[in-house]
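Whatever position you read off the sequence shown (first residue = 1), add 141 for the working numbering.
Be aware that a few hints might be false.
[Said to hold, decoys possible] Ranges of calculated distance between the beta carbons of each label pair, as one might list FRET restraints:
id : residue 1 : residue 2 : range
1  : Ala151    : Asp206    : 16 to 24 Å
2  : Ala151    : Ala288    : 33 to 41 Å
3  : Thr181    : Gly201    : 41 to 49 Å
Source of the hints: derived by calculation from the structure; they are not laboratory data. Ideal placement from N, C-alpha and C gives every residue a C-beta, glycine not left out.
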Amino acid sequence: RLTEELAHRAAHDELTGLPNRRVLESALSDGLARAMRDDTRVGVCFIDLDGFKGVNDTLGHGVGDQLLIDAATCITASVREGDVAARVGGDEFVVLLDPVSSDIDSLSVARRIRDSVRSCGSTFSATVGFGASVGLALSEPGDTPAALLRRADDALYRAKATRDSSIAIADGGLDGATLV
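Using the sequences and the hints given, assemble the complete structure.
What follows is the structure in structure tokens.
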């Protein structure tokens with residue numbers, strides 16, 4: 142039992158219970174290999190909580206921790222069976238969409254994630270402008286996990302620069318559009 146508990150702790154975020162970065166990168170590597178073999182694609186949603194620092198600064202870290210737990214629950218409830226949601230640090234989460242049947246399907250999941258996180262933090266919206274910004278990247282032939290994550294992260298920074306709770310698609314997907 143102790144061995145199982147230690148293995149779980151090594152693979153999961155202690156606060157939210159979500160898989161950690163190491164598990165995500167392994168799942169992403171497996172997903173990219175499968176996508177290459179099956180001529181399909183995977184996607185990555187990089188999620189950052191807008192206004193999270195304001196929650197911590199205004200209401201305290203205990204409330205911030207609970208909000209992270211709630212956001213993890215909302216994200217997990219928003220994804221499809223087979224997708225992998227992970228907390229990769231601070232107030233950042235990543236969801237591996239595996240497989241992606243279409244650009245529109247991946248965008249639909251990204252919107253569902255964003256809207257769900259905004260909803261779970263709605264009590265903080267008026268106080269600190271809480272929400273979620275999402276960067277979405279879809280795999281291309283020859284992608285590595287690092288390259289796909291980097292494109293999703295770059296898209297996230299574009300989303301955050303546009304306005305809170307935006308979704309930006311990495312170049313190459315849906316014409317690199319930024320959407321609300």
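Status of the hints after comparison with the structure:
1. Ala151 / Asp206: 16 to 24 Å: holds, 21 Å
2. Ala151 / Ala288: 33 to 41 Å: violated, 26 Å
3. Thr181 / Gly201: 41 to 49 Å: At roughly 45 Å between Cβ atoms, Gly201 and Thr181 fall inside 41 to 49 Å, so the hint holds.
Consistency note: the structure conflicts with earlier hint 2 alone.
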